[in-house]
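K.L.:
If you read the sequences in order, they're chains A and B. Counting in the numbering used here, the first sequence tops out at residue 763, every number present. Counting in the numbering used here, the second sequence tops out at residue 367, every number present.
Don't read these hints as lab results, they were simulated from the structure. There's no promise every hint is true.
[As the list claims (entries may be wrong)] Just the calculated beta-carbon pair ranges, DEER-fashion:
| id | chain 1 | residue 1 | chain 2 | residue 2 | range |
| --- | --- | --- | --- | --- | --- |
| 1 | A | Q526 | B | T313 | 37 to 45 Å |
| 2 | B | F274 | A | L548 | 44 to 52 Å |
| 3 | A | F737 | B | S268 | 27 to 35 Å |
Note that the Cβ used here is the ideal one computed from N, Cα and C, for glycine as well.
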Amino acid sequence: MLVFIINRLIQAAGAVVVMSMLVFIGLYLIGDPTAMLVSPEANDLERAAVRQAFGLDQPIWMQYLTFVGNAVRGDFGRSFLTGQPAMQLILERMPATIEMVVVAIGFAVLVGVPLGMLAGLRPKAASTKAVMTVSILGFSLPTFWIGLMLIMFFSVYLGLLPASGRGSTVNVAGVSLSVLTPDGWRHLILPALTLGLAKAALIIRVTRAATREVLPMDYIKFARAKGVRPRRVVGVHLLRNILIPIVTVTGLEFGQAVAFAVVTETVFAWPGMGKLLIDSIIILDRPVVVAYLVLMVFFLIMLNLVVDILYMAIDPTAREKVRDQ
Amino acid sequence: MSIASPQAPVVAVETPFQRLRSQFLENRLATFGLILLALIIVPSVLAPWVAPQNPFDIGKLDIFESQLPPGSVSESLGITYWLGTDGQGRDVLSAILYGMRTSLVVAFVSVTGALLIGATVGLTAAYFGGKVDALLMRIVDLQLSFPAILLALIMLSVLGQGIDKVIIALIAVQWAYFARTARGTALVERNREYVQAARCLALSPLRIIFRHMLPNCMPPLIVIATIDLAHAIAAEATLSYLGIGVPVTQPSLGMLIANGFEFMLSGQYWISFCPGIALALIIVAINLVGDHLRDILNPRSAQ
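Just chain A, with the same shape it has in the complex (with noise of 0.2 Å):
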């Protein structure tokens, strides 16, 4: 077990080099940063002075081996806009990304789970016909449509929910929280289920797919033999054997989702890291980009050995497989 985590450490440190590298370089290849930093009637001398104060006068290589000595002490370079530590901004926006994320994610559990296992238990109902084909819906729709489809409706016609901002918030050790109060949770409720609809999508066709799966097993067959009441079965027996692929297209969705939030943190004007990525693309401020990707890979492989070590948690036969190794 130990082995299987330390060699993954080494595939994720590989995999952040890499991905750090062609992020760097692609990043390079575009516009000269030097007309963002200095202003439209700065000389030459000021244009080089200002130049060599941010690196941009090295080669490629250096600059990218200075950026790596500088980040692996977590030092990532300064915001050209702001001036701010490019990591520092990103950590400050977080908070408010995976606020959302996980509120997103929750409704998606809550709706996705027993909405899908209704359906599997139940092929030809046609309430399940109906789920299935919203749920193609679900997913197939951009996110940002959905997301106007609900400031119409929540936000434009019935008046009833804010269509942007975070509202007020509450500070927890450091962290601003909307969570905590009514009025962040009424900010907080289009974005999260914009977000949270395309993923309880998912979630329904892959537990559906898990339950009829597993319906025909011989132990379900034994346990209703046995006369193990219904409700047990479908609780206990069927539910602890569709959790494996739930749980990891739940962990892996919940990635997708940090990325994912770049969309949903544009339409509803969240504040979070998704729109900040945005902003800095836009207007080509480097550092952040580059922090914000080296951040998201490092979250993106963490998770997915998160995932793993879960996965081996619930299914046994996993935990042996590895062992054999």
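Position chain B against the provided structure of chain A, taking the given hints into account.
P.N.:
Only chain B this time, still in chain A's reference frame:
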């Protein structure tokens, strides 16, 4: 497209086009999807000839007739704005037809590109196996584990704006799906007699892969390509909505929706809502057709 090749043994994979057609039309929902698709695609492709107005010819716009509700009649141009006008006095219906055209071109070209690249990679991996397979599939896995939207964002931030750039970015995020499917199908095909026979004839790998295996691997790839068209349209709309997709001079559906957003909050819903409905309709239509195609072409689910 001819799926049947003379060497192929008679198996269920061989489906004459006519049988496919009759099987397809049996499903009413899918037929409805196909009709809907035609009703959207035909006028969009013919947009310059059927649209009431060229929305990008500034000389033909009347700025004083901006933000008119649906059904208004133009005083100066003598046309009816069936879906209203936007903030610059453009006929929304015309803008949708032109925008849909851009969206469709981006989707078709990018999906075709991704299909070609993905099929080539997948078939090569399956045919050669061993280290080639391991290396190529590693790249595919790496690509699939990274969120598509982020990859597209990075590509576009590196490449800049433009229709061609959006197409490149969309190919980059989609090819891996095709590669994986092509490999899966090709692994089965590789052991069939016709491939062994071709190998005994010492035909070049290139010829075996493209002339013998590829046609037999096509059905699942076509199914994925169909549904992927909807994904490509959605992805392009998302990127354009974020303001890093197509340029302002060639607005696609996503950009029309983004442009109308500010008006929506003040109650002029149609500027954003109508292109939004058009986007939803095309995605739904493609999914209806694609879903049924999968049922027909996939022998496992047909049972």
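K.L.:
Determine for every hint whether it applies to the structure shown.
P.N.:
To see whether the hints hold, each was checked on the structure:
1. Q526(A) with T313(B): 37 to 45 Å: Holds, since Q526(A) and T313(B) (Cβ atoms, about 39 Å apart) stay within the stated range.
2. F274(B) with L548(A): 44 to 52 Å: Because 49 Å falls inside the window, the suggested range holds.
3. F737(A) with S268(B): 27 to 35 Å: Cβ of F737(A) to Cβ of S268(B): about 46 Å, so the range 27 to 35 Å is violated.
Comparing the model with each numbered hint stated earlier shows that hint 3 is the single one that does not hold.
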